[in-house]
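A.B. asks: Line by line, the protein sequences give chains F and W. Start counting the first sequence at 1; every next residue gets the next number (the numbering used here). Start counting the second sequence at 1; every next residue gets the next number (the numbering used here).
Bear in mind the hints are in silico, worked out from the structure with no lab data behind them. Among the clues, some could well be false.
What the hints assert, rightly or not - When the alpha-carbon atoms are kept at most 27 Å apart in a straight line, the in silico DSSO-like pairs for lysine-lysine are as follows: (1) LYS26(W) - LYS102(F); (2) LYS68(F) - LYS49(F); (3) LYS49(F) - LYS102(F); (4) LYS68(F) - LYS102(F); (5) LYS13(W) - LYS49(F); (6) LYS61(F) - LYS49(F); (7) LYS26(W) - LYS61(F).
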Amino acid sequence: AQSVTQPDIHITVSEGASLELRCNYSYGATPYLFWYVQSPGQGLQLLLKYFSGDTLVQGIKGFEAEFKRSQSSFNLRKPSVHWSDAAEYFCAVGFNAGNNRKLIWGLGTSLAVNP
Amino acid sequence: DAGVTQSPTHLIKTRGQQVTLRCSPKSGHDTVSWYQQALGQGPQFIFQYYEEEERQRGNFPDRFSGHQFPNYSSELNVNALLLGDSALYLCASSLSLGADTQYFGPGTRLTVL
Numbered sequence: 001a002q003s004v005t006q007p008d009i010h011i012t013v014s015e016g017a018s019l020e021l022r023c024n025y026s027y028g029a030t031p032y033l034f035w036y037v038q039s040p041g042q043g044l045q046l047l048l049k050y051f052s053g054d055t056l057v058q059g060i061k062g063f064e065a066e067f068k069r070s071q072s073s074f075n076l077r078k079p080s081v082h083w084s085d086a087a088e089y090f091c092a093v094g095f096n097a098g099n100n101r102k103l104i105w106g107l108g109t110s111l112a113v114n115p
Numbered sequence: 001d002a003g004v005t006q007s008p009t010h011l012i013k014t015r016g017q018q019v020t021l022r023c024s025p026k027s028g029h030d031t032v033s034w035y036q037q038a039l040g041q042g043p044q045f046i047f048q049y050y051e052e053e054e055r056q057r058g059n060f061p062d063r064f065s066g067h068q069f070p071n072y073s074s075e076l077n078v079n080a081l082l083l084g085d086s087a088l089y090l091c092a093s094s095l096s097l098g099a100d101t102q103y104f105g106p107g108t109r110l111t112v113l
């Protein structure tokens, strides 16, 4: 069965430090991959997505993610974290189910940023 | 270009009551999906509407029902509210049924007392 794992429930980094949030998936083919961010009490904002092509994708707010087929991973990175990046980050995997697309969500990683 | 909008922002109901939440999709989008997000959890898929029909459904009881209107806007109805229905309800729209990317609204926070 398809699944998405975000191994880190909570991460704390210092402002200016680099960041990597992990996402692993289980799916027989290459899925569609997404990272969303959610600030407290807010909806989900799309950071970036991977469908095909270049395995390193750039997103908004200085984020990037790399798709590694051999590791079934799609980790999110940012070279220098800002205090405003503190939020909940969700990895999602989309795949075909008949004529529809289905999205499977990870449980999220909560990011705290120390000043 | 307006994004996905939802109303109301917050709602407080008591057990046993019924509630209706509303969603207007992003301009040009014709497919609407609804998610429930409990506190500290990821989104859980409720159902998806396209061409005014429910096309997919997650593992939610029949107390959860929906509707899509000709202008693509959508409603989520929940009957016989339980305390466990307290959550953030998110609406997402996409360009078409087979589209790859969903865009989310700000959500409606439902509290059941």
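A.B. asks: Run every hint past the structure and note whether it holds.
C.D. replies: Verification of the supplied hints:
{"no.": "1", "hint": "LYS26(W) - LYS102(F)", "verdict": "holds, 19 Å"}
{"no.": "2", "hint": "LYS68(F) - LYS49(F)", "verdict": "holds, 14 Å"}
{"no.": "3", "hint": "LYS49(F) - LYS102(F)", "verdict": "holds, 15 Å"}
{"no.": "4", "hint": "LYS68(F) - LYS102(F)", "verdict": "holds, 21 Å"}
{"no.": "5", "hint": "LYS13(W) - LYS49(F)", "verdict": "violated, 37 Å"}
{"no.": "6", "hint": "LYS61(F) - LYS49(F)", "verdict": "holds, 14 Å"}
{"no.": "7", "hint": "LYS26(W) - LYS61(F)", "verdict": "holds, 22 Å"}
Hint compliance for this structure: hint 5 is the single one not met.
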